[in-house]
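Visitor: Chains as they are written, first to last, in full-length UniProt numbering: chain A, 1 to 457; chain G, 1 to 457; chain H, 1 to 457.
Careful, some of the hints might be misleading.
Stated by the list, open to error - Cut-off 25 Å, straight-line C-alpha distance, at most; resulting in silico cross-link-like pairs (DSS-like, lysine-lysine):
(1) A:K419 <-> A:K210
(2) H:K2 <-> G:K276
(3) G:K2 <-> A:K275
(4) A:K2 <-> H:K275
(5) A:K419 <-> H:K276
(6) H:K276 <-> A:K2
(7) A:K2 <-> A:K335
(8) H:K2 <-> G:K275
(9) G:K335 <-> G:K419
(10) A:K276 <-> G:K419
(11) G:K333 <-> G:K419
(12) A:K276 <-> G:K2
(13) G:K210 <-> G:K419
(14) G:K333 <-> G:K210
(15) H:K419 <-> G:K276
If you're looking for bench data, these hints aren't it; they were derived computationally from the structure.
As the structure is a prediction and not an experimental result, all values here were calculated from the model.
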Amino acid sequence: AKNTNVRVSLPAVCFVWQIAMIVLFGVFIRYNPESDAHWVEHMRTENISSDIENDFYYRYPSFQDVHVMIFVGFGFLMTFLKRYSFGGVGFNFLIASFGLQWALLMQGWFHFLDHSTGKIYIGVENLINADFCCAGSLIAYGALLGKVSPVQLMVVTLFGVTLFAVEEYIILHLLHCRDAGGSMVIHAFGGYYGLAISWVLYRPNLHLSKRLNGSVYHSDVFAMIGTLFLWMFWPSFNSAITDHGDGQHRAAINTYLALASTVLTTVAISSMSQKKGKLDMVHIQNATLAGGVAMGTAAEFMISPYGSLIVGFCTGIISTFGYLFVTPFLENKLKLQDTCGVHNLHAVPGMLGGFIGAIVAAAASEEVYSREGLIDVFDFEGKHANRTVGTQGGYQAAGTCVAIAFGLVGGAIVGFILKFPIWGDPADDNCYDDEVYWEVRLLIELNESFCLNCIHF
Amino acid sequence: AKNTNVRVSLPAVCFVWQIAMIVLFGVFIRYNPESDAHWVEHMRTENISSDIENDFYYRYPSFQDVHVMIFVGFGFLMTFLKRYSFGGVGFNFLIASFGLQWALLMQGWFHFLDHSTGKIYIGVENLINADFCCAGSLIAYGALLGKVSPVQLMVVTLFGVTLFAVEEYIILHLLHCRDAGGSMVIHAFGGYYGLAISWVLYRPNLHLSKRLNGSVYHSDVFAMIGTLFLWMFWPSFNSAITDHGDGQHRAAINTYLALASTVLTTVAISSMSQKKGKLDMVHIQNATLAGGVAMGTAAEFMISPYGSLIVGFCTGIISTFGYLFVTPFLENKLKLQDTCGVHNLHAVPGMLGGFIGAIVAAAASEEVYSREGLIDVFDFEGKHANRTVGTQGGYQAAGTCVAIAFGLVGGAIVGFILKFPIWGDPADDNCYDDEVYWEVRLLIELNESFCLNCIHF
Amino acid sequence: AKNTNVRVSLPAVCFVWQIAMIVLFGVFIRYNPESDAHWVEHMRTENISSDIENDFYYRYPSFQDVHVMIFVGFGFLMTFLKRYSFGGVGFNFLIASFGLQWALLMQGWFHFLDHSTGKIYIGVENLINADFCCAGSLIAYGALLGKVSPVQLMVVTLFGVTLFAVEEYIILHLLHCRDAGGSMVIHAFGGYYGLAISWVLYRPNLHLSKRLNGSVYHSDVFAMIGTLFLWMFWPSFNSAITDHGDGQHRAAINTYLALASTVLTTVAISSMSQKKGKLDMVHIQNATLAGGVAMGTAAEFMISPYGSLIVGFCTGIISTFGYLFVTPFLENKLKLQDTCGVHNLHAVPGMLGGFIGAIVAAAASEEVYSREGLIDVFDFEGKHANRTVGTQGGYQAAGTCVAIAFGLVGGAIVGFILKFPIWGDPADDNCYDDEVYWEVRLLIELNESFCLNCIHF
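With the hints as constraints, model all of the structure from the sequences given.
Guide: In structure tokens form, the structure reads like this:
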């Protein structure tokens, strides 16, 4: 039996890393002009007419929706296992809380560092970006659910956030791609990152824990809390950091439509897949979200409402087929155990979203966007002022490949790090079980009349 | 035994209708000036000074609250049955996702069609209206919960949204009523629509499923998630599409107050109704919401804070009495089986809300509203510029009757359509059971020590 | 056995108090200029350029987040007991609904009364304050959970809101303290108020109900819903009534950071406290929130991002130690039974938050805040124009002591009132049991195959 005692390693990691955060924040992180007490002076200098022009009022409602997706959405989506609900929602809570701090630093160094002062100035947009950055690692957790220790998850997050910041820098800054909702930088990266880790950590004897790798009635209802909060707030996710005005407005509409369409095709395929036409909760909980993932890049573009519906239509089908056929194939043939099916919900729809974005970008025209609109949406300014939409489309496609490559290579390396026998991961017959890392009290309250009924039955 | 196999019909309905949506969206739906990339040009043309004036920032937070009510609120409210939680939250998810697309088209054709271009231009207000329109059909689902197939629910939604758009056109445009939170157009219509369908689909032998028509401990707690999200966000529901500024502000305050008052009278009547003064979860889950329904029309008026409290006070009492006495009466005497008691939560409070709105409108005065305020609140402009408040009150009352008539007649017709033996509805001894349409795995995890305890008990 | 029949007392309290609310609202409460139909005139008079300047758009999103914290956050946090989930979420619902009405009046009389007209004019900020005021009594409920009747809880709320309004008046107006998120006025007051009541109501034979004073697996997952909604929306709580612009922006950032830091130290201490390093759900559900409490006063100050992390770091440790050592000590040595451990989550972190606020205020400088910023943040205007930051720090510390004193003395008095044998509280062997005040149906659905499996086991 493996040693799953994390009494030294878990507190050590938490304390040391948190102290490091404090020190690094002390050196680098400051309030930006919109959150600093000098705001009134700043308003005067910049000729800003009203407090309502503070970015806080443009983005805070979306930020809170994103925050709910990260903690309740991802957290409860992973409570579906019959005996791993504590681990699902609890470890998600832990790693997102660490990840968002590290993300503020990493993203700050790459994107927001003021080289004259050496400081990172933060505001609400940074908080949204930090939550996004965590999402990559939380997606990876979906592939590993039940098979790793909390210490391993902290390592996954440390490297996940680091890799994220680098690939994001390459994709958004060097390649100058647009990816507001992160089909590429969040979902494709996070999905393949988790799959690569899971592939390296393959457990040939995982069938010994098979009895616990499934849901019970109430755990499936808990998971629906996660699904619905993700589904409802996805329009905020894809519009949270798009341009003020029409950018946020359009991204929300497109995502809303794509997701609605996905639900219908998911239900259709789920029902067709079973002899009696019964629906499967696994599909309803997961594949219904694929439309939001696939709209992550194109949501801010003029993809048009029916275009959004088509994206949702196709990804619902593809994702449900993934759960039906690809996940078993990956497990049996490619030795890849993917607990939540992130391959079908994040990796593939994210990759598709990247290419959809490339196509929609390449098809953009002044007629549809207006001259100014085109410049605003694709940020054709400065040294990118002369880029054509066709070139932009090419770069978008290249960005998707970069995200996947970072996920696969980074995940493989992190997987090997996690193979060292020091992290306290559970034995093969002990996976998917909260008893390993949590004090679990009664599963159910015994009750006289219940037992008597049972015995007299 | 009936044939409940929906393996052909459910996918067929989902695919065909979703493809129809895509085609119709392609022909009709476009972005409006506030969500189109031409926004910067539009700002210049219309002399709009800042992105913050985009309607997105006025309404998006309310939209998201309404969205949560539709999917988590209505969805989880219907998880209270011990073995129909998947169907409660899952079918709600399906039909709302379809309904909102169809609503964008139907409401678009009636209210937002630009006759010069033949297009419907959408923005965030249309999304809110589409969610509202779905609510009518979701309310109807409450009366049918556990007794119909998902295919029937899709039919209920198709006709429900269609009827909604027509009655809404008559009430809001032809009669020029005000009904921001939809006491009339949403709740009275939806409630009577569901009741009429349920009456036509009366099942004399439903007692055969009696064992499943009830809650267990945890399913009642799940239902409270739905109740609370409905209750908390109802101020957003009633203020989501009211006038900018004081209109939204006042509607939120009035609804907040009415709902608080309802809780106290619901608790009072619930406690009085039981020998030992114990409270009944059915009342707490449902009747506490009646104040929000009844404020749907009057919330934007100057009903005054104590007026709101009085509305909440009375509707809490009426709704709880409904659950105690009217629902059993309807079932036993009128052959009307109403699973969730939508009669008490939507139909009657909605009707009352319509008449309360009529009275408050008729009592309006320039003194209380100011001249401009009166014109703004009741939209006394154009050909309605000379309408008096008394006339307005009369039209409001007439509007309520139109909503009820549409619900009853439309519901009866749809009910007859649903009686054809082709829809895969469950047999009388098989209602309220998720096993009919869902793959249900374990209800509870067996566990050695639990069983041994039980046997040794 | 005690008489727990509340069939007369509970409806009487609800009806009489609700009618009193209606009468008092009729006499005192009116819409303020921003929610009144005269708004258009008001805009012209005050030279307000746009509807978006209505305070509704600055504060409504935060208000809704706070509303969720009060009803879902506090409510579900108290569902953790295996058989008291109805009481946890249901009584919370009842007393918050009453409390917010009474709070609008009490806070109105003290802070918002227009002496020329004798009216209280309300808007969205009053709704937020009313929700805050309820929070004090809901915190107190945490210490009493399972041991009191709903009638007693109504009394706790009546006096709790009254005391709150008085101490708030002293602290914010007379002492001119700043306390946006209420470390002092909400948490320290509410925590000590509940503890004092619980101390007076000490039950020497509470061990007779020991079998029910604990969680089961699913009830712990329900409680996580409460935890997460509190945790996620705490940035809105602490920023809801701070100054427009940088004030709200900074308060949200600081709270977000402090809470993230708290999670890591809570996990660390929880893991260290158990032989095998397993985590305890009690800590994760509660101590992770202590950072938000402790930032309640200082969140709007220029505490700087790393300062927020330090506050979270320390309070996570202190709170978890409280659950491990102080709660048992209080129960065994001081005869103080604190069901939810509000001592560790509210009383101590609230007190610390008050003193942290005092220190940060005393350390403020024009260099960091700018001259105008300093005046804005600390409201050094009118008769307080010459107050120094050092003096302000002293007053902040004094305010903390006032809050604690009000809690302790007020709680002791209310405790004695609740000792009268007329309130229907449960017997010592009957605590923590929903059967006393709720009609509880089946705990779990019996099912043939389950029983047979069990018997054949």
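Visitor: Hints first: check each against the structure and report whether it holds.
Guide: Hints and how they fare:
Taking the CA atoms of K419 (chain A) and K210 (chain A), the gap is about 22 Å. The hint holds against a cut of 25 Å. For the hint linking K2 (chain H) to K276 (chain G), the alpha-carbon distance of about 13 Å falls within 25 Å, and the restraint holds. A hinted pair counts as satisfied when its Cα atoms are at most 25 Å apart, and K2 (chain G) with K275 (chain A) qualifies at roughly 16 Å. Between K2 (chain A) and K275 (chain H) the CA atoms are separated by roughly 16 Å; this keeps the pair inside 25 Å, and the hint holds.
For the suggested pair K419 (chain A) and K276 (chain H), the alpha carbons sit about 21 Å apart, so the restraint of at most 25 Å is met. Between K276 (chain H) and K2 (chain A) the alpha-carbon distance is near 13 Å, which keeps this suggested pair within the 25 Å criterion. Distance restraint check for K2 (chain A) and K335 (chain A): the Cα-Cα separation of roughly 22 Å lies within the 25 Å cut-off, and the hinted pair is therefore satisfied. A threshold of 25 Å between alpha carbons decides the hint, and for K2 (chain H) with K275 (chain G) the separation of about 16 Å falls inside it, so the pair holds.
Note on K335 (chain G) and K419 (chain G): the hinted pairing holds, with a Cα-Cα distance of about 16 Å set against a maximum of 25 Å. Distance hint between K276 (chain A) and K419 (chain G) is fulfilled; the C-alpha atoms sit about 21 Å from each other, no more than 25 Å. Using a Cα cut-off of 25 Å, the hinted pair K333 (chain G) and K419 (chain G) holds, with the two alpha carbons roughly 22 Å apart. At most 25 Å may separate the alpha-carbon atoms for a hinted pair to count; K276 (chain A) and K2 (chain G) meet this at roughly 13 Å.
Between the alpha carbons of K210 (chain G) and K419 (chain G) the distance comes to roughly 22 Å, so the proposed pair stays at or under 25 Å and holds. For the proposed pair K333 (chain G) and K210 (chain G), the alpha carbon gap of about 18 Å is at most 25 Å, so the pair holds. Between K419 (chain H) and K276 (chain G) the alpha-carbon distance is near 21 Å, which keeps this suggested pair within the 25 Å criterion.
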